[in-house]
Amino acid sequence: MEHSKITETELWEYVSKKADDTTIRKVEEWMDSTGFDEALFTKITSIYELTSAQDPSVEKAKKRFFKTVEPKTVIWKDMLKYAAILVFILGGTYLYNRVSSTKNQTIVQTTFGEQKSITLGDGSKVWLNAASSLSYSTESPRTLFLEGEAFFEVAKDSLRPFTVTTPDDITVKALGTSFNVKSYLESPITATKLLTGKVEVSSKSQFIESVILFPNEKVSFNKNTKKLLKSKMDADASNIAWKEGKIQFENTSFQEIAIDLKAHFGKQIRFKNEAIATTKFTGAFDVSTPIEEIFEILKISKGFTYELNRETNEWMIK
Amino acid sequence: MFDRHYTRLYNYAFKILKETDLSEELVQETFIKLWENFENIKESDRSIASFLITTLKNKIIDDHRKKQTRTKHTNLYALQTTIETQIDKEWELVERIETIYTTLELKTTEIFKLSRDKGLTYKEISEQTGISVKTVELHISKALTAFKKGLKDFF
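Those protein sequences? They're chains A and B, same order as listed.
Residue numbers are given in this note's numbering: position 198 of the first sequence equals residue 189, and the series is strictly consecutive.
Count along the second sequence from 1, add 70, and you get the number used in this note's numbering.
Simulated from the structure, these hints should not be mistaken for lab results.
The beta-carbon is built from N, C-alpha and C at its ideal position, and this holds for glycine as well.
Some hints here could point you the wrong way.
[Claimed, not checked] Keeping only pairs whose Cα atoms sit at most 27 Å apart, straight-line, the calculated BS3-like set for lysine-lysine is:
1. Lys188(B) to Lys53(A)
2. Lys103(B) to Lys9(A)
3. Lys159(B) to Lys183(B)
4. Lys271(A) to Lys293(A)
5. Lys116(A) to Lys237(A)
6. Lys177(B) to Lys193(B)
7. Lys34(A) to Lys193(B)
8. Lys34(A) to Lys188(B)
9. Lys17(A) to Lys159(B)
10. Lys222(B) to Lys85(B)
11. Lys188(B) to Lys9(A)
12. Lys8(A) to Lys137(B)
13. Lys85(B) to Lys54(A)
14. Lys103(B) to Lys51(A)
15. Lys137(B) to Lys9(A)
16. Lys9(A) to Lys212(B)
17. Lys9(A) to Lys183(B)
18. Lys204(B) to Lys(-4)(A)
19. Lys263(A) to Lys177(B)
20. Lys85(B) to Lys219(B)
21. Lys159(B) to Lys137(B)
22. Lys258(A) to Lys293(A)
23. Lys237(A) to Lys53(A)
24. Lys183(B) to Lys53(A)
[Stated by the list, open to error] Partner residues aside, some chain B positions facing chain A, computed with beta carbon under 8 Å:
25. Trp161
26. Ile167
27. Leu214
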C-alpha cells in the first residue's frame, strides 16, 4: 500500500495533536495497514509522554518563597547592623492596646495575641509581644521599663548605656552585645540569655553582685528563693520563637507554659492539682494553633482534662 | 538560582504526584529548607542541586507515608517500596532527558521544545524561527532519533 511510507515527523505531529487532516488520515490509514510499525508508534508516543513538561508559575512561587523567608533576612541583616539584641519577657497584667504619651513619657502597649514593632529615638528597634507594655522617657530612649515580653535590637552607642528594667527590679545592661532576657511577672523566674557579646545583669534590691554573661550562657533569678543560677544553653535556645510566630517551650512546667498561653489566647488557666501544674513539657506551636489543639497534643505525653468555665472564662486543668 | 531549579523540581514532583498544588507546596518547602540550611551547604551549584533533589525526594516519600497512614493501607511496605523505586526512576528520567537535550544542537533543542512544550505546529515554528518547514522537520527528526536511542530503557 501507498500509506506504508510514513515519517517519524508525521507521527510526532499526530501524537502531539498538531497534525492537519491530511496527515491524520494518512497516519490512521497506516495504522490499519499491514505496514503498521507498532513498536515505532509506541516509541514516539512514549517520547511524547516522557518529555512532558509543566510550565509552573515560577514568579508566583518565587514571591511566595521570599515572603516566607524575608523575616529571617531582615533579622540577619539587623544582627550585623546592630550591636545588641535583647529580649525581655515579663508577665503582664491585662493591658490595653494603645500608644500614649504623657508629658515626656511614652508608653507602647499590646493586647492579647497582638505584636508591635517600634523604632526608638536612638535607632534601636523593639518588637513587643502580646500583653506587654514598654515605657520610656522621650529624652532617654535608652532607659526602658518593660512589663511583658519584648525583643530588642540595640543601636550601638558606647557613650550611652542601653538598659531595660523589669518590675522585679532587675536591670539588664547591653555592653555592646546581643542578648535575650526572659522575665515573667506572674512567674517567679527571670531569665537572661546571651546570644553574642556581653551583658551585665544586676539588681539594686534583689542581689548584691551583678552577673556578667558570655555567649550561649543564661542566668535565671528566682524571686521566691532569691537564688541566681547561671548555666549554658544550647544554640537552639537562642531562637526568638514568638517573633517567628511560634509558642515554644523546652522542658517547661505547665504552670510556666500557661503564662505564655494566656498572653496569646487571653484566658487564664487554672490548675486543679499541683501534679499537673508542675509537669514539664517540650514543644513548639504556631501561634495560630487553637488552644484546644495545644491541650490535645500536650495530653499525649501526660494525661489531663481541660474544660472552659463559661462563668469565669477560665480554663480549668485537672 | 530559584528560577533555574524551580521548574526542574516542580516538573519532577508533578510527574510523580500528578497534583499541581501538592507539587507546588513540596517544592516550596524544599526551597525553604535550603534557605534554612544555606550556611551549612557548600555554595557550589552542584551541592545545592543535590541538596534540593534529596530534600524533595524525602518530602515526597514523607507525604506519601503520611497519606498511607491516614488511609491505613494494609500492605504498607510494598507500597513504600514502589514509591521509592518510582522516585529514583523518575529522577533518572529527568536527568536523562536533560542529557539528551544537551547532546542535541542548540537549534534542534529549541525547535523540538517549541513543538513539545509550546505545542506549535511545524508551520508555526517555521514562521517563528524563519526557517523552512522542511528544515523544521529535519530538526524534529534528529531530536526523535536521539530520544529513541536515549530513552530506550524507559519505553
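How the hints compare with the structure:
Pair hint lysine 188(B) plus lysine 53(A) holds up; C-alpha atoms about 23 Å apart against a cutoff of 27 Å. Annotation: proposed proximity of lysine 103(B) to lysine 9(A) is violated, straight-line Cα distance about 41 Å (limit 27 Å). Between lysine 159(B) and lysine 183(B), the direct Cα distance comes to roughly 23 Å. Compliance with the 27 Å bound is thereby established for this hinted pair. Proximity of lysine 271(A) to lysine 293(A) is assessed by CA-CA distance (about 9 Å); at most 27 Å being required, the pair is judged to hold.
Distance restraint check for lysine 116(A) and lysine 237(A): the Cα-Cα separation of roughly 20 Å lies within the 27 Å cut-off, and the hinted pair is therefore satisfied. For the given pair, lysine 177(B) sits about 16 Å from lysine 193(B) by alpha-carbon distance, which is consistent with the 27 Å threshold. For the proposed pair lysine 34(A) and lysine 193(B), the alpha carbon gap of about 24 Å is at most 27 Å, so the pair holds. For a cut-off of 27 Å, the pair hint linking lysine 34(A) to lysine 188(B) stands: about 21 Å separates their Cα positions.
Straight-line distance between C-alpha atoms of lysine 17(A) and lysine 159(B) comes to about 36 Å, which puts the hinted pair past the 27 Å bound. With a C-alpha separation of about 19 Å, the suggested pair lysine 222(B) and lysine 85(B) falls inside the 27 Å cut-off, and the hint holds. With a C-alpha separation of about 11 Å, the suggested pair lysine 188(B) and lysine 9(A) falls inside the 27 Å cut-off, and the hint holds. For a cut-off of 27 Å, the pair hint linking lysine 8(A) to lysine 137(B) is broken: about 36 Å separates their Cα positions.
A distance of roughly 24 Å separates the Cα atoms of lysine 85(B) and lysine 54(A); the hinted pair therefore holds under the 27 Å criterion. Straight-line distance between C-alpha atoms of lysine 103(B) and lysine 51(A) comes to about 18 Å, which keeps the hinted pair within the 27 Å bound. Distance hint between lysine 137(B) and lysine 9(A) is unfulfilled; the C-alpha atoms sit about 39 Å from each other, more than 27 Å. Restraint check: the Cα-Cα separation between lysine 9(A) and lysine 212(B) comes to about 18 Å, which is no more than 27 Å; the hinted pair holds.
Between the alpha carbons of lysine 9(A) and lysine 183(B) the distance comes to roughly 14 Å, so the proposed pair stays at or under 27 Å and holds. A hinted pair counts as satisfied when its Cα atoms are at most 27 Å apart, and lysine 204(B) with lysine -4(A) qualifies at roughly 17 Å. Between lysine 263(A) and lysine 177(B) the alpha-carbon distance is near 77 Å, which puts this suggested pair outside the 27 Å criterion. Taken as a hint, the lysine 85(B) and lysine 219(B) pair is honoured in the structure, with Cα atoms around 22 Å apart against an allowance of 27 Å.
Proximity of lysine 159(B) to lysine 137(B) is assessed by CA-CA distance (about 21 Å); at most 27 Å being required, the pair is judged to hold. This hinted pair checks out: lysine 258(A) and lysine 293(A) have alpha carbons roughly 22 Å apart, not beyond 27 Å. A C-alpha spacing of about 24 Å is found between lysine 237(A) and lysine 53(A), which places the hinted pair at or below 27 Å, so the restraint holds. A C-alpha spacing of about 24 Å is found between lysine 183(B) and lysine 53(A), which places the hinted pair at or below 27 Å, so the restraint holds.
About 13 Å separates the beta-carbon of tryptophan 161(B) from the nearest beta-carbon of chain A, more than 8 Å, and the hint is not met. Hint status for isoleucine 167(B) relative to chain A: holds, with the closest Cβ pair at about 6 Å, below 8 Å. Interface restraint check: leucine 214(B) against chain A, minimum CB-CB distance 5 Å, threshold 8 Å, status holds.
Hint violations for this structure: numbers 2, 9, 12, 15, 19, 25, all remaining hints satisfied.
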